[in-house]
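Asker: Got chain G sorted already, so can you dock chains D, C and Y onto it with the hints?
4 protein chains.
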Amino acid sequence: MNDKAGGDAVETTNIISVTFPVRYSECDPLGIAHHSSYVIWFEEARHEYMRRHPADYAQLAEEGVFMPLSELRVRYRAPARFGDIITVRSWMSEVKSRRAIFYHQVLRADAREALAEGESVHICFDVKTLELKKIPPRVRALLERYLQEPGK
Amino acid sequence: MNDKAGGDAVETTNIISVTFPVRYSECDPLGIAHHSSYVIWFEEARHEYMRRHPADYAQLAEEGVFMPLSELRVRYRAPARFGDIITVRSWMSEVKSRRAIFYHQVLRADAREALAEGESVHICFDVKTLELKKIPPRVRALLERYLQEPGK
Amino acid sequence: MNDKAGGDAVETTNIISVTFPVRYSECDPLGIAHHSSYVIWFEEARHEYMRRHPADYAQLAEEGVFMPLSELRVRYRAPARFGDIITVRSWMSEVKSRRAIFYHQVLRADAREALAEGESVHICFDVKTLELKKIPPRVRALLERYLQEPGK
Amino acid sequence: MNDKAGGDAVETTNIISVTFPVRYSECDPLGIAHHSSYVIWFEEARHEYMRRHPADYAQLAEEGVFMPLSELRVRYRAPARFGDIITVRSWMSEVKSRRAIFYHQVLRADAREALAEGESVHICFDVKTLELKKIPPRVRALLERYLQEPGK
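Chains as they are written, first to last, in my numbering: chain G, 1 to 152; chain D, 1 to 152; chain C, 1 to 152; chain Y, 1 to 152.
Here chain G stands alone, though its shape is the one from the complex:
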């Protein structure tokens, strides 16, 4: 799903976008999407990464690590309303020795301005010992392939 007019192929593979309608059950008494819905939508974009790069995620398992969410930040700009078709765009914005950060934008599918944006910070645990550890070099190299400049 290439949502960047004129974008080149390399950049495009680094940005995931998923599009779906705001569900009625996600809307609150003000008729707008409840703020917790954005957190779920962010995650759907991350899981779309997993669906598209199954080999990469298999490698995570081979290395014996998993990378749970350790921090979440959301900035709300304008409400998503019931009936809106929204697009979540997500990319890797930072990879360091001990953490990787996904950036997320929520847009109305027909608009260019974000309704909300935010980051999810992921850290690295050993599957067996459940101890925090550095991201293994091969996993880090893999994550770095998806790095994208913010705002693109």
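There's no promise every hint is true.
Said to hold, decoys possible - From the derived model, a few chain Y residues whose C-beta atoms are all more than 12 angstroms from chain D: (1) S17; (2) R77; (3) L132; (4) K133; (5) A141.
To be verified - Simulated crosslink set (DSSO-like; lysine-lysine; CA at most 27 angstroms straight-line): (6) G:K128 <-> D:K134; (7) Y:K134 <-> C:K128; (8) G:K96 <-> G:K134.
Claimed, not checked - Negatives, chain G to chain C, calculated, CB over 10 angstroms: (9) F20; (10) I40; (11) E43; (12) H47; (13) M67; (14) R75; (15) S93; (16) D110; (17) E131; (18) P136; (19) Y146; (20) L147.
Just so you know, the hints here were simulated from the structure itself, not pulled from any lab data. Glycine included, C-beta positions come from ideal geometry on N, C-alpha and C.
Answerer: Same frame as chain G, now just chains D, C and Y:
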């Protein structure tokens, strides 16, 4: 939590009741609890059974069975609103060779009439083979101890 | 979205189908979609009707009525798992003087057998008086256009 | 609900705490509370403020303003599991001319260390014009009464 003034001890142990406020995130654009919330509340009453009768549920595990939900029915009478404190009352209404039925009522904590009511039907599977089977006699005897006349 | 190979045009317009992945946040500790998720998915199929037939729903408003859910029934056959792409198919299965019933099926998008099926029963209220009433003749005629034989 | 043994009265009124079990439907395939659940729990603590200080919130309405969430931050420390009884503690950590910040902690009810913590930032809108504005002096004075030192 004895919610039956004058109720006798035997009956009281057979009715579970849980009480909590309607969450804002559970309310829809009409300002009333979304119909899916009742399904979650029913389950909270069933899990309260598990919390109160841990030995009985351990026996389920010993017998090598689990009893998932196979059918759900809800009848909506009047809306629960944000700010309402609601009580869910639940009891076992039927135990047969192959299924057990929990009955559930949702009431405003200060009222006697149900906002909604419904049943969850549970069937029996072998944990290892994942095959449908009859409820083992010891489990059935155990479930029958919690049988309660409807409407009580 | 015509999901019926060889289906004729008339039937197809009467069946709504929506397709989406099972969300991670919808899955429970067993790794399968929580039973309340199906209730939300059913509603998404009904709202897809509204999105496709805006004129019809405008007429509902003109007649001064709304048709909330009064009853819900779900029969669970097999679990939907995280990663499954599911399709919800929905059609009007009954229209009577005082109620209309939507039928819903949840299928894995690549399969023919339903994971779950169920009905939502809708009754008719006057928007102003909030009193229960018969479905107005023009609304009933409109709903009857979407009637579909069960199992199709 | 005084959760601070030996706490003095003034401090106690500034900290709201709500306690409830982790719901089964809130848990994900890892058997732990999904990260979006914490966002909902934070909000429940804020709404408990509203339930306890109805007069203050009435004044917000009188001033013709509302204070929606503009930013959310959550730091996850350790998982909440199904069956855990958790307590959310919340207080006002900052009041400035244009924003107020609620601080939230999620703890197991029987423990002293936080499973998660975070902030919700609230800004001020005119109910009629829907324009961003400074927090009116009377509202600001009211919010400042609930200020609490972080970590208390």
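Asker: Does each hint fit the structure? Answer for all of them.
Answerer: Structure-based check of each hint:
no.	hint	result
1	S17	14 angstroms, holds
2	R77	23 angstroms, holds
3	L132	23 angstroms, holds
4	K133	24 angstroms, holds
5	A141	26 angstroms, holds
6	G:K128 <-> D:K134	38 angstroms, violated
7	Y:K134 <-> C:K128	38 angstroms, violated
8	G:K96 <-> G:K134	9 angstroms, holds
9	F20	7 angstroms, violated
10	I40	5 angstroms, violated
11	E43	6 angstroms, violated
12	H47	6 angstroms, violated
13	M67	14 angstroms, holds
14	R75	21 angstroms, holds
15	S93	21 angstroms, holds
16	D110	15 angstroms, holds
17	E131	23 angstroms, holds
18	P136	24 angstroms, holds
19	Y146	19 angstroms, holds
20	L147	24 angstroms, holds
In summary, the numbered hints that this structure violates are 6, 7, 9, 10, 11, 12.
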